[in-house]
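Colleague: One-letter residues, chain by chain:
Number of protein chains: 2
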Amino acid sequence: MNDRKKHVIMMAHQLFIEKGFQATSIQDILDYSGISKGTFYNYFSSKNELLIALLKELYFEMEQAQNKLLVGQDASDLEIFIKQVEVQTELNRKNKLISLLEEVNFSNDKEIIHFIRIGQLKILKWLHSRFLDIFGKEKEPYILDCAIMFTGILHINFKYYSAAHEKNINISKVVRYSVSRIVSIMEDVAKSKEQLFEPQLLGHWLPKNHQQKKVFQRDIDKTITALKSGIKDTDLEDKYLEFLDFIQDELLHAKKPRRHLVENVFNEMKKDLSPTNKKEIFALEVLISTYFQRS
Amino acid sequence: MNDRKKHVIMMAHQLFIEKGFQATSIQDILDYSGISKGTFYNYFSSKNELLIALLKELYFEMEQAQNKLLVGQDASDLEIFIKQVEVQTELNRKNKLISLLEEVNFSNDKEIIHFIRIGQLKILKWLHSRFLDIFGKEKEPYILDCAIMFTGILHINFKYYSAAHEKNINISKVVRYSVSRIVSIMEDVAKSKEQLFEPQLLGHWLPKNHQQKKVFQRDIDKTITALKSGIKDTDLEDKYLEFLDFIQDELLHAKKPRRHLVENVFNEMKKDLSPTNKKEIFALEVLISTYFQRS
DNA sequence: AAAAAAATTATACTACTGGTATAAAAATCA
DNA sequence: TGATTTTTATACCAGTAGTATAATTTTTTT
Numbered sequence: 137m138n139d140r141k142k143h144v145i146m147m148a149h150q151l152f153i154e155k156g157f158q159a160t161s162i163q164d165i166l167d168y169s170g171i172s173k174g175t176f177y178n179y180f181s182s183k184n185e186l187l188i189a190l191l192k193e194l195y196f197e198m199e200q201a202q203n204k205l206l207v208g209q210d211a212s213d214l215e216i217f218i219k220q221v222e223v224q225t226e227l228n229r230k231n232k233l234i235s236l237l238e239e240v241n242f243s244n245d246k247e248i249i250h251f252i253r254i255g256q257l258k259i260l261k262w263l264h265s266r267f268l269d270i271f272g273k274e275k276e277p278y279i280l281d282c283a284i285m286f287t288g289i290l291h292i293n294f295k296y297y298s299a300a301h302e303k304n305i306n307i308s309k310v311v312r313y314s315v316s317r318i319v320s321i322m323e324d325v326a327k328s329k330e331q332l333f334e335p336q337l338l339g340h341w342l343p344k345n346h347q348q349k350k351v352f353q354r355d356i357d358k359t360i361t362a363l364k365s366g367i368k369d370t371d372l373e374d375k376y377l378e379f380l381d382f383i384q385d386e387l388l389h390a391k392k393p394r395r396h397l398v399e400n401v402f403n404e405m406k407k408d409l410s411p412t413n414k415k416e417i418f419a420l421e422v423l424i425s426t427y428f429q430r431s
Numbered sequence: 137m138n139d140r141k142k143h144v145i146m147m148a149h150q151l152f153i154e155k156g157f158q159a160t161s162i163q164d165i166l167d168y169s170g171i172s173k174g175t176f177y178n179y180f181s182s183k184n185e186l187l188i189a190l191l192k193e194l195y196f197e198m199e200q201a202q203n204k205l206l207v208g209q210d211a212s213d214l215e216i217f218i219k220q221v222e223v224q225t226e227l228n229r230k231n232k233l234i235s236l237l238e239e240v241n242f243s244n245d246k247e248i249i250h251f252i253r254i255g256q257l258k259i260l261k262w263l264h265s266r267f268l269d270i271f272g273k274e275k276e277p278y279i280l281d282c283a284i285m286f287t288g289i290l291h292i293n294f295k296y297y298s299a300a301h302e303k304n305i306n307i308s309k310v311v312r313y314s315v316s317r318i319v320s321i322m323e324d325v326a327k328s329k330e331q332l333f334e335p336q337l338l339g340h341w342l343p344k345n346h347q348q349k350k351v352f353q354r355d356i357d358k359t360i361t362a363l364k365s366g367i368k369d370t371d372l373e374d375k376y377l378e379f380l381d382f383i384q385d386e387l388l389h390a391k392k393p394r395r396h397l398v399e400n401v402f403n404e405m406k407k408d409l410s411p412t413n414k415k416e417i418f419a420l421e422v423l424i425s426t427y428f429q430r431s
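Here the protein sequences come in this chain order: U and G. When we follow this note's numbering, the leftmost residue of the first sequence carries the number 137, and every step to the right adds one. When we follow this note's numbering, the leftmost residue of the second sequence carries the number 137, and every step to the right adds one.
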């Protein structure tokens, strides 16, 4: 993305934090970021689209920071989860993301509302998978309930805690307290077997492509990484690394992946690697074919 | 209030429910309720003031319905509490009050924001007193925490439950589930002695006059009722009933209670009643004097 | 360095908003 | 009936989001 465009988004974000979204006029953004109206409408077709660009960046930043903490760690460790939530909460606070989302949810713009909805569901889905890590498969019927209630408890605690302590906010305290509560609630509902939401609701809410894309991304990543590390032949290493990178990039990042090119490259590679990495090659083949079948 | 004015508020409420507050222009309200702009601004100085008038009515309706359920009942009965919350939730749903409040909280209108804040704190205060009834004095250090979390849990459960079940919303199920959770949380925090909010925060948040007014209202009511029923002298009954009603009305409903008038009437009465209702007369005297000291 | 292309600016414009002002008409009251 | 209040219709103001366009500046290509 253009540097100037990014700068405009940053300046607008600053204004949204200070005055709120509604109260910030486009003229304010123009003055504050020193661009003309024409340029603004060259970058964004509306104030709402600027907002979406901002939200995408904030979400991305959040996911990044959050996932960084988990790599190579024990997923069932509650402390890791607490750290992740702390990071999330701190970023929310810094970016005033929650009040921005709440405000903007009433903008009557379908795209924005959908975007926020998907964002919240993704958080729910993340919590669901993390709770599954932490509490184990046997608690599954109650995990969606607890994920939902956790967002509510954390949100309300943070809201009133902020109101009570103005600037000296001990995020860790609020997060730990809220996590303690949900741990206890999980025990409680598992024992009394009370259930409010059917577990399959989450899958029903989240459009398939969102889920599928994520799963696909992880699968292709795993398979290609395995294949890369399996190449012993140093003579051909450069060639096949290039091939694998090409396939990965084409499938994950290209707007219209070139089917025949990908399949051709794959078949070239299959000839040589098939005997040594049978399992992974097969997995990759399945991934590629199902990918093109879908689209 | 004028019937026509009430009608305008109703029509506006209808529009707010359908389109939201921001999205409803004053012109919409004029067209929908069939009045002219001049009349509108004769009734309300702005759209925001119309909103405040609406919110006042809705809050009043809610308090009424809620308190009706408690009279003559056992305050520690959890079932009564559940009924009260159900009524509250049903009215919220019917009036779309929650989303209206959330939307309007970003209106940058100080008065509205303050009004909503006070409203929420009053709900919290109500929950606090009800939890005190139900869970007992010994749980007091944790009652504010639980009141806060209860609002969060109920809110989030209702939100996702509505999303999942569209129109077939079983309010009772959501309320009962949420109440079960808070009962368990209360046990949990009382046992682990974890506390997030200091109990005195609520008193600190709610401006004194709000609390004091309520307390004062109840005290004066109690004292005067006791005095009324204590009058045995049928000859003087009419006279003293008139006196007591006057004092009560003057202190509770007059904009500027006439101090000397009230004190004079009270002293007239004191002469005759002092021996028979010593205690109550004294209590009333204290109430009157502290009342005028304050203002 | 020159030419072409793209980005940016300033400005004027439309249609709408909330809110003000006012004179005429209608309803209410004494 | 006559006076007073309420209501209406209308024109008006300043501010909003967004469009259109011609002129200018910057970047890219040759």
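Worth flagging that the hints you see were computed from the coordinates, not collected in a lab. Owing to the predicted nature of the structure, the values given are computational and were not obtained by experimental measurement. Keep in mind that a hint or two might mislead.
Claimed, not checked - Keeping only pairs whose Cα atoms sit at most 25 Å apart, straight-line, the calculated SDA-like set for lysine to any residue is:
(1) G:K192 - G:I259
(2) G:K309 - U:Q256
(3) U:K295 - G:T361
(4) U:K329 - G:R253
(5) G:K232 - G:D213
Colleague: Next step is simple, just say for each hint if it's right about the structure.
Modeller: Hints versus structure:
no.	hint	verdict
1	G:K192 - G:I259	holds, 14 Å
2	G:K309 - U:Q256	holds, 24 Å
3	U:K295 - G:T361	violated, 42 Å
4	U:K329 - G:R253	violated, 37 Å
5	G:K232 - G:D213	violated, 29 Å
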